[in-house]
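Residue-level listing of the chains:
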Amino acid sequence: MARNRQTSEEYTRPARRIVVGCILVGLVAILLFWRIDSPRAERFRAQIVDRVVPPMDWALLPVTKVVGMVEDFQSYSRIYEQNQELRRELQQMKAWKEAALQLEQENAKLLDLNKVRLDPKLTFITGVVLADAGGPFRKSVLLNIGGRDGIRDGWATTDGLGLVGRISGVGDTSSRVILLTDSNSRVPVTIQPSGQRAILAGDNAKLPPLDFLETREQVRPGDRVVSSGDGGMLPAGLLVGQVVLGADRRMRVRLAADYERLEFLRVLRSAPQAAIDDPGGLVPPMREPQTVALPETPADG
Amino acid sequence: MVDPLTLRRWSFRALFAALALLVIFVRILPYHVGEDNWPAPDLLVLLTFAWVLRRPDYAPVWLIALTGLFADVVFVQPLGLWTLLTVLGADFLRRRHQATAGQPFPIEWLTVSLVLLAMHLGQTVILGILLVPQPPVGATGLRLVISVLAYPLVVAATAFGLGIRPASPAERDGEMRA
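These protein sequence lines are chains Y and R, in that order.
To convert, count from 1 in the first sequence and add 83; that's the working numbering.
To convert, count from 1 in the second sequence and add 754; that's the working numbering.
Isolated chain R, as found in the complex (with noise of 0.2 Å):
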């Protein structure tokens, strides 16, 4: 027999699992390929942190390790590295989440904003000492601005449309017990 908390919690990772693959298709549909026009925000990464700063349990590490290598291999990037980055970023956030639960959404954000940023450098830099030609600044920071800017948006569609919000404290004493 399947205790209900853990049917829940790995229903929500395969929602987590589904809706990254969804992310990452939707990417490379062939449409209007050859336009330079904005770039995409990072979606995968913005959907991750959102879930990590809520429900860190729906959103394991292994999972978001899976969807990143996934990621670069289907967009041509160096493979690994952004991974690497989003798993650092994501386990950075999930420190913080466990010692300041239930901060204001500006706070949040701005938390995001310079993890984001961090990675953004920390990309650069690990590029730059493995001599990997690189992405003009600009175009980068567009992105990571662009990135920051949707973020309320991830979070609002991933707190009010899938229902996914920090646990209670009855739903944590809960699961302490399981």
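Just chain Y, same shape as in the assembly (with noise of 0.2 Å):
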């Protein structure tokens, strides 16, 4: 028996390891086209995943569903006090409407006599997060919404109050967005009411810390982060969230989008804004006389 194990070792280790040997190479070569060609690469990775699992969604959706119940079932023992808490923060939402109506109507009438055109208004998509796609440190969503329903790479996606994220990677029926709390994620953000310039850098940690504050002074938590809109990405003036000071005494930021609850998000369509290139009719550095349409040009058809 020993000898027949022998023998038969000899003739299945090099097989073996010519398997092995194969698919190491293999796995190399994959790792370098990763490396090499990243962006194909990616749009390959999306094409799997916009297969693979957009179809488990009937799977995905539900167990996510029934788990989402029992923590619910399980807060049913402090409903009590829940109750008393929402009563409490119902008046003071009555106080802040009523605020608000009163600011609108104010604004409203402002801007009617300053002839103010604010930005365009923003369409957008709602999508339903399917999975959470991301690896251990990096924090990303699956949408059910793809390149079929017209999203693109680059697009802002808010919860309805705050801003979630952008999409990062786009299939035909789901897209990424990676969120503001991923370590790859930087976002330029005003804050209000200093108009302070600053970058909101993801470092994976819970709060996202302020990065780039020309005078730190001026900030104080508690100030309303604002998306600021500068480079074109993303459009200006979406809630971000509050400045809070963190537990290393750096500014950090308490997102204004509830992350424990990323149920549906919305894409905000938006068109790239429109540059402005040529210096205008009036003053021109140098300009050929004929250019200005003269009006007995004969005009055809």
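Wrong hints could be hidden among the right ones.
To be verified - Between beta-carbon pairs, the in silico distance windows are:
no., chain 1, residue 1, chain 2, residue 2, range
1, R, F779, Y, T206, 31 to 39 Å
2, R, I883, Y, K198, 55 to 63 Å
3, R, F779, Y, R333, 34 to 42 Å
4, Y, G230, R, P758, 48 to 56 Å
5, Y, D331, R, F779, 30 to 38 Å
6, R, V886, Y, P97, 31 to 39 Å
7, Y, V150, R, S765, 29 to 37 Å
8, R, I883, Y, A191, 58 to 66 Å
9, Y, R235, R, P758, 51 to 59 Å
10, R, P887, Y, R231, 30 to 38 Å
11, Y, Q175, R, I883, 50 to 58 Å
Please keep in mind that the hints were generated in silico from the structure rather than gathered at the bench.
Here the structure is a predicted model, which means the values were calculated and not measured.
We treat Cβ as the ideally placed atom computed from N, Cα and C, and that holds for glycine.
Now that you have both chains on their own, put them together as the hints suggest.
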């Protein structure tokens, strides 16, 4: 028996080694391909995810719902306190609503007086969060809308209240949203009321820090943070959150979007801003006299 | 006519693939998305190692590579790197298993921990060489520790829940003959 075993190993071992070697070489090739031609590899990844994950939503959604229901059921135990809490909050909300209505009317009046043109209205597409398709250190979610619905890379995503992230990777029927907390996320923001510009740089923590603050003294915890629209990637004026002072004495942002319950996300269609590339007709640097349209030019057709 | 041994082997391979898919499926459930709680243990790799150390023929190398690649694609990881390290680690354990079958569990645990550590170091080095931005060392280390701590649980589930135990000598002889 021992002899038999030895001979069989003699035959199987080299064959095994060849198979393992081939697989290893193949994996190294895939890794190098990913590193060298990253956009193509990521498109490839988006295509695979697009094929695999959306057909699973019949299973993904019910399981998520059941887990959520179990958790909600646990919260019944403190339903009374919750009720009281909600009543108090509702009272505060009513006060705020009143204030907001008054401000809105006042604002409308002032805008009318001033003839201010604000940013064009944003339209949006709403999608359902299919999967939390992040690795251990990536914060991203997968939506069930994609290139078929006209989604493009870079569009902003909100949960109705605050900015959640931006689209990064679009498949045909799915797209990936990279969250603000991901360590690759960088979003230009404005801090109100001081008007300071900063970059919200995700670092995998729950409260992303503010980078490149010019004068820290003017920023206080509690200030509102909105997107600034710098760089033309995201629309300006989207609510991001509130400044808080982190445990490490850095200015961080408590996000307005409810990251605990990301179910439906709005993807904002943002048209690229019109670029101003010519100096206009009044003060031209060098101008040939014939470029002004003359009235006697014959118009055909 | 399929002989029972082959049937058994293939059904366990299918079970391995199904478990791997289940692990990935649970991992991508959109549940508590933004929370930064403890990193989850790398169940896929732990499962692979537990199976390879018990029944290497149930977790063939191509199956390990396939499941690993799928995980790399779905979790936004560098394509192929973690799979490469998993295949290397599993192959090392497989060869060691043939040399010293029936080692006590603490030694197996220690070996697996060292292999996991080597895999993480290898990942850091390779990503460094390829100039890829990396997650902070603390987070990776925490994940490694949690994975190591979770290994006995995975082994218990594999051995007692699924009945994947090292082949007895009689079984081995039967396989040799077949």
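Verification of the hints:
1. For the hinted restraint 31 to 39 Å between R/F779 and Y/T206, the CB-CB distance of approximately 34 Å keeps it satisfied.
2. Between R/I883 and Y/K198 the beta carbon distance is about 60 Å. The supplied range of 55 to 63 Å therefore holds.
3. Hint check: R/F779 to Y/R333, Cβ distance near 37 Å, so the stated range 34 to 42 Å holds.
4. The given range of 48 to 56 Å is respected by Y/G230 and R/P758, whose C-beta atoms sit roughly 49 Å from each other.
5. For Y/D331 and R/F779, the hinted distance range of 30 to 38 Å is satisfied, since their beta carbons lie about 36 Å from each other.
6. For the hinted restraint 31 to 39 Å between R/V886 and Y/P97, the CB-CB distance of approximately 35 Å keeps it satisfied.
7. A hinted range of 29 to 37 Å for the beta carbons of Y/V150 and R/S765 is consistent with their spacing of about 30 Å.
8. A hinted range of 58 to 66 Å holds for the C-beta pair R/I883 and Y/A191, which are about 60 Å apart.
9. Between Y/R235 and R/P758 the beta carbons are some 56 Å apart, a value that agrees with the proposed interval 51 to 59 Å.
10. Distance hint check for R/P887 and Y/R231: the Cβ-Cβ separation is about 32 Å, which falls inside the suggested range of 30 to 38 Å.
11. Separated by about 56 Å at the C-beta atoms, Y/Q175 and R/I883 satisfy the suggested range of 50 to 58 Å.
Violated hints for the displayed structure: none, as all numbered hints are satisfied.
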